[in-house]
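Q: Could you put together the complete structure from these sequences and hints?
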Amino acid sequence: MAEQSCLVTNDWICGEYLRSRSQELADATVQHIGITVVSVLIGLAVAFPLALLARRGPRFAGPVLGLTTVLYTVPSLAMFSLLLPLFGLSAALVVTGLVLYSLTILVRNILAGLAAVPQEAKDAARGMGYGPARLLWEVELPLALPAVMAGLRIATVSTVALTTVGSLVGKGGLGNLIEDALPSFFKAQVLAASVLCVLLAVVADLLLLGLQRLLTPWTRISGAAAPSAPAKTDAGPHAPATVKAG
Amino acid sequence: MGVIGEAWTWLTTGANWSGDGGAAHRLGEHLYVSGVALAVACAIALPIALYLGHIGKGGALAVNLSNVGRAVPVFAVLALFMVTSLRNSGYWPTIIALVLFAVPPLLTNAYVGMREVDRAVVEAARGMGMSGGQLFVRVELPLAYPMIMTGLRSAAVQVVATASIAAMVGLGGLGRIITAGFNTYDTAQVFAGAVLVAGLALVVEGVLVGLDRLLSPLRRRRPA
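For the protein sequence lines, the chains are A and B, in the order given. At position 155 of the first sequence (counting the first as 1) the number is 155 in the numbering used here, and the numbers step up by one without a gap. Count along the second sequence starting at 1, add 246, and that's the number in the numbering used here.
A few of these clues could be false.
To be verified - Okay, the calculated bits of chain B under chain A, using three or more residues with CB under 8 Å as the criterion:
(1) 410 to 420
(2) 431 to 439
Claimed, not checked - Not the full set, but computed from the structure, chain B residues with beta-carbon under 10 Å of chain A:
(3) P388
(4) Q404
(5) T425
(6) G427
(7) L448
(8) E451
(9) V453
Just so you know, the hints here were simulated from the structure itself, not pulled from any lab data. Treat the numbers as computed from the prediction; the structure is a model and nothing was measured. Where is the CB? At the ideal position from N, CA and C, for every residue including glycine.
A: Structural data, given as structure tokens:
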């Protein structure tokens with residue numbers, strides 16, 4: 001070869017790597033997005049009834065919040081390993097682990113959002129003859145939407161990061177690329193996959209923020225009051241207010 | 247399930263606990279890097295957060311740092327360290343990564359805790375003639391204490407959890423028992439390692455909840 005390729009010199013940034021392995025990068029990204037989206041959607045579907053159950057009173061809220069918090073404490077490497085006997089080396093294993101983590105954040109935020117609905121709004125709806133189901137769908141949920149969306153954003157961003165740990169069982173999306181590159185100290189691949197992973201999280205966050213604005217046009221009238229970082233203040237003192245190790 | 251029984255057998259076999267790759271040594275590594283990282287993170291984050299909270303500035307910084315932290319995968323950070331010359335420096339890649347991930351929750355919670363102290367109380371204390379320092383030690387700090395402890399707890403649990411990820415890039419700690427089991431297709435060992443890691447995280451959480459109750463300034467007042 002006339003000139004040293006950046007693949008040979010093992011540079012951090014390597015255009016040739018990006019070109020020649022674009023298919024591999026795209027596949028990993030698609031797997032990453034797929035696992036994240038499925039996990040968050042299932043998480044939302046499970047968290048919603050749990051939050052409604054917890055709302056019925058402290059008798060239900062205690063166990064629901066307690067259990068989801070304990071699950072959140074379990075380290076991701078251990079969580080995926082503990083689920084191993086049940087699922088084997090499959091994507092279902094990774095998704096299940098991620099769903100269990102997202103529950104903590106989602107249940108708390110849905111609960112906090114519903115609790116923050118003004119009593120006057122509920123009374124007015126009841127006075128207009130709304131039944132419990134219609135009250136929930138047409139009054140309480142729309143008003144709780146900013147808090148729910150805030151939770152969804154946190155859950156999605158941390159799920160994107162956590163998915164990488166799924167490379168333990170070969171289902172980690174971009175994490176697989178990072179793991180593959182480690183034994184040969186292949187810098188360009190580690191950096192590209194890491195950067196893509198962070199970009200994915202940022203893009204997902206922005207998309208959800210856009211969705212939230214579309215769904216709640218009324219919040220924009222009073223200025224940008226709530227959208228950033230609402231989860232901490234209304235999640236209560238025992239909320240795991242922060243990052244999950246991925 | 248047979249796996250649980252086999253894992254129990256693994257855990258109760260003395261030979262698995264001894265030696266350089268044994269569970270006892272791994273537990274020691276895990277606690278050492280976690281402890282050092284948490285101490286360093288506290289030393290960096292708490293003074294900054296408490297000062298910013300006291301003067302009431304820098305809130306956006308604290309909150310944004312926490313959000314950025316959420317988006318960065320620990321695994322990726324450790325992997326990046328491992329393809330640089332840092333890989334030959336023993337515990338340092340793990341400790342640095344752990345500090346990076348423990349600072350945001352500590353910073354955010356301590357700052358928010360300080361800012362959420364009732365302004366009326368602060369004004370009243372000032373009206374009674376308290377100086378800035380007295381206000382900080384006798385009013386703001388005790389009232390912000392629950393939030394600071396919440397941050398410390400989530401940081402500590404997160405540090406312990408992250409320390410197990412270190413095994414995925416070949417570094418030490420309890421996670422190594424899991425990855426070693428993976429490499430030899432020893433499901434019992436994988437399960438036993440996972441139980442150890444999860445158990446340790448829960449124990450750390452429990453100890454900190456206990457410490458929190460014991461040390462709470464609203465329960466037992468200490469002289470300033």
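Q: Each of the hints needs a verdict: does it hold here or not?
A: Status of each hint after checking the structure:
A stretch counts as covered by a chain when three or more of its residues have a beta carbon under 8 Å from one of that chain; for the stretch 410 to 420 of chain B and chain A the count is 6, and the coverage holds. Requiring three or more residues with a Cβ within less than 8 Å of a Cβ of chain A, the coverage given for the stretch 431 to 439 of chain B holds, as 4 such residues are present. For P388/B, the interface hint is violated, the least distance from its beta-carbon to any beta-carbon of chain A being 15 Å, above 10 Å. Because the smallest distance between the Cβ of Q404/B and any Cβ of chain A comes to about 5 Å, under 10 Å, the interface hint for this residue holds.
Because the beta carbon of T425/B sits about 8 Å from the nearest beta carbon in chain A, less than 10 Å, this interface hint is met. For G427/B, the interface hint holds, the least distance from its beta-carbon to any beta-carbon of chain A being 8 Å, beneath 10 Å. The closest approach between the C-beta of L448/B and any C-beta of chain A is roughly 6 Å, which is under the 10 Å cut-off, so the hint is satisfied. Evaluation of the E451/B hint against chain A yields a held restraint, the C-beta minimum of about 5 Å falling below 10 Å.
Interface hint status for V453/B: violated, as the beta-carbon distance to the closest one in chain A is roughly 12 Å, over 10 Å.
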